[in-house]
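**Q** Chains as they are written, first to last, in the numbering used here: chain A, 245 to 660; chain B, 3 to 167; chain C, -16 to 403.
Treat the hints with care, since some could be wrong.
[Unchecked claim] Below, a sample of chain A positions facing chain C; criterion: calculated Cβ distance under 8 Å:
# : residue
1 : Ser316
2 : Ile595
3 : Gln609
[Claimed, not checked] Capping the alpha-carbon separation at 25 Å, the derived lysine-lysine pairs in DSS-like fashion look like this:
# : chain 1 : residue 1 : chain 2 : residue 2
4 : C       : Lys320    : A       : Lys582
5 : C       : Lys379    : A       : Lys331
6 : B       : Lys34     : C       : Lys64
7 : C       : Lys36     : A       : Lys532
8 : A       : Lys318    : B       : Lys31
9 : C       : Lys305    : A       : Lys331
[Unchecked claim] Per the computed footprint, the stretches of chain C lying under chain B, defined by three or more beta-carbons under 8 Å from a beta-carbon of chain B, are:
#  : segment
10 : 50 to 61
11 : 125 to 136
12 : 298 to 304
13 : 346 to 352
Hints are computed from structural coordinates only; laboratory data are not their basis.
Even glycine gets a Cβ: it sits at the ideal position worked out from N, Cα and C.
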Amino acid sequence: MGMTIAEKIVARAAGVAEAHANDIHTVELDYLMSNDGTTHLTIDMYNNLKHPRIADVSKLVWIVDHNVPCDSPKTAASQKKMRDFAKEHGITFYEGAGVCHQVMIENHVVPGQLIFGADSHTCAYGALGAFGTGVGCTDYLYGMVTGKSWVLVPETLRFNLSGQLGNGATARDLILTIIGQIGANGANYHAMEFAGPGMASLTMSDRIAICNLCVEAGAKTALMEVDQVTLDYLAAHGGREPAACFSSDPDAKFEKVYDIDLSTIVPVVAKPHFVDNIVPVSDCTGIKINEAFLGSCNNGRLEDLRLGASIIKGRKVAPTVRFLVVPASREVFLAALKEGILDTFMEAGAIVMNPNCSVCWGSCQGVIGEGETLISTGTRNFKGRAGHRDSFVYLGSAATVTASAVKGEICAPKDL
Amino acid sequence: MEEFTGKVWLLGDDIDTDIIMPTEYLAMKTVKDMCPYAFSPLRPEMAAQIHEGDIIVAGKNFGCGSSREQAPEVIKALGIRCVIAGSYARIFFRNAINNGLLLIENADLVRDVKEGDEITVRVGDSILYGDKTYPISPLPQNLLDILDAGGLVRAMQRLNGIGKE
Amino acid sequence: MGMTLIEKIIAHNIGRESVTPGEIVTVNVDRVMVHDIFIPFVADKFEEMGFSKIWDPDKMVLIYDHLVPASQLDDARHFAKGDAFAAKYGVKNVHRSDGICHQLMTEAGYVKPGDIAFGTDSHTVTYGCVGAFSTGIGYTEMAGILGTGKLWIRVPETIKVEVNGTLPANVSSKDVILQILGDLRADGATYKSLEFVGSTFDAMSVASRMTMSNMTVECGAKCGLFAPDEKTAEYCGISAEDFKNDAFLQSLKGDPDAAYERVLTYRAEDFVPVAACPSQVDNIHPVSEIAGLAVDQVFLGSCTNGRLEDLAAAADILRGKKIAPFVKMIVTPASRKIYREALEAGILETLAEAGAMITHPGCGLCCGRAGGILTDNEVVVATNNRNFLGRMGTSKVQIYLASPKTAAWTALTGRISVPE
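Could you put together the complete structure from these sequences and hints?
**A** Structural data, given as structure tokens:
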């Protein structure tokens, strides 16, 4: 019987010829990524083990990205624990280099790999044809000690994309629309696979944005086929070679198939307080905002910043609006700096921060207050996600967020 | 002459405003909210144990550092009756007067007194500790005027013809 | 008898021939600055006092810098309160994310030589770098000024600090002021004015002078003044012609027969790179004495040392190199203008390539609310102005204050190092 991409990656990692949905396999993990959100807890558990050992230190990548630079003595203590442990054990360690998923994609992930990350948005690695999934500390620790774990092979929802994005819509509008359509639990435990002729027009940045957000529909992972766009990206990022390039077999079994014509997608926003609460931007036009955020592992790449800059060039941020622009990584920061994008934002009155998770995770940079409204390119709009429990987060694309920052109320670029 | 007796909290030289009220807590809504964190970098236990009428005795340059008025306000809100120090930093000094917190300059008491002991203050005259007497020099008239009005806010209210006379 | 610089500024302000130290006078305020942490308190006191309008709304400058970007839930309330106050009373000079207040006040032209300015922040003394009398006050007094335009002050005694000659290449104005603070001690100039004179200061940029004026509050001074010169005029946007023809501006220097309480004299050649060791600003030691101590973090920024020449000095040292593994370097330019100039000059690129984190202009780590907070037993070398207990995290954090050059060498080696 044919296999999906997810099944093929699990089969490879398990060292078996075939794997199928709902099988449970013991797999060899290619990487284990962990960030400052939880690593200190993993270390505490590790230190309580009777025979602590690390199976293969080269598989571990630890990244400080959530509170950077550090915002409190408590966080500083957790980060120090992480830094000291990484130093002692020779673990690959990044601090201040950017959001963990962006750093992983720029430096480590290759097609065909199976990767655990102690962060829900690990599913972003599907953009490179790798099976990335988020796990908790206990799963992470088991993988760290044994190099292995078990997985329940997910069923796959297949999204056949055709046509090209237009109407001022971006890849983010596409994935938000899909989440709105299938619901916040529409892909629970499933893999979301994207394929079809529409893929050709999507850049690597678009693909990362799409895969990254699949967890908001409950997906275990997201996957895309490897093509020239993928290979070009790998070549430009250290000349990395794929471990294996998979596509689903013609007779692979999909739980459900969706056909999406990209040309029908319009700019949308997710209204408070759920990611699947999707409406066209035009439904929210005129809602006053206090803050706008352009950044995160979802939408903080060069293409997103470039899009924002093209809109704000020659304009100013609305007087009382705080517009935070946070590149997703140092690589993005430097590229945007060289291209004049950072200066465009600075000239317009934006707050340009160092690469990190920032407002997306609601700590230490751009926290919003009681009764305030934020429009964000972050990953989530849950109640209290960006600050006070009585605040409001709308999710939109880089274009929508930037236009809103200029106008001081939610709008599309065409409304400026 | 006004006279009062209180228990001593003994601190050293250069007690800065970051010790009196750390920046981390400055954006809290009210001075009351900030009270538990007063002196926390140096003496985390202290704020909770201060009683109404206690007296702080310290060395030179008390209140050096920032202009944060929360520093004298929080001392007053904790119930401290007065501060007796060798000398004061100038912004803290002004802020204390403007908030009606009594400051007394005396460099000798800090060398003799023990924490927890009781002392008696005769305002504008002297401090009594055990069998020793420490003289106090009087404040300049313009400051006494502000203290007499009950702080700067009251003085300005008077200027604007509002509030109690 | 002659007058000191501060005496001339005060006398001119109140329209008198002369003033005497110790006198209490009421001055007319030329400019006030209120920042984000204290605006809610200023606003409340102002209304409690019964005022219904600001004496001159154009003389008030409202600056958000300590809380940018907001790191705690209540921070945004300060912005809301500030915006409402500005709207209600017609305050047009509002900077919401343009950098640190003390940088902006002279950079944006709010304070000129000979002015008298007050701010709700102790480092308001910074504007002495352009020959203005400026000092920090509390929010109650600020509310009073907003209503009346006046404040009483005691005319301070003056301590003259004279330095002549050429500083060694690895010594910055930061080392000079730290050494002076070490000699005067933390309360050595309480209530007094410092006046800096000599060829060493004549040769300094306005930015370097700013570093020195900024830190004079750390020895208790009411202000730290430099006589305005051609460089000052250029920095303040005063034409050479106007500067030369303005009798008041030309008079702004201490008279040879002025009465100084004390004179400190140094030879520029004798200075060495120094650091303020934990946890007092006057605990000064040569960097060579503490060299080799491993550090966890380096902070380059603040109103003391976040200017273009500071960032450039660090970039010169770090160009083409990487900062030491596991050491964090945080760079926070002092203003939006400086950020953009440093970007344009390739300085930010050099620092980011070396591994530094470049944050948005603001007070950042210096005010201890975010931007690189540390924990027990961590060591930080920082270019800002205070190393008080608990200033950057727990009370067991070891803070060393030093020059941008010392900071950059330390970031490079991971150990406290004397700049070469």
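**Q** Hints first: check each against the structure and report whether it holds.
**A** Now for the hints, and whether the structure bears them out:
no., hint, verdict
1, Ser316, "6 Å, holds"
2, Ile595, "5 Å, holds"
3, Gln609, "4 Å, holds"
4, Lys320/C with Lys582/A, "18 Å, holds"
5, Lys379/C with Lys331/A, "22 Å, holds"
6, Lys34/B with Lys64/C, "20 Å, holds"
7, Lys36/C with Lys532/A, "29 Å, violated"
8, Lys318/A with Lys31/B, "22 Å, holds"
9, Lys305/C with Lys331/A, "17 Å, holds"
10, 50 to 61, "holds (count 6)"
11, 125 to 136, "holds (count 5)"
12, 298 to 304, "violated (count 0)"
13, 346 to 352, "holds (count 3)"
Of the hints listed earlier, those the structure fails to meet are numbers 7, 12, in rising order.
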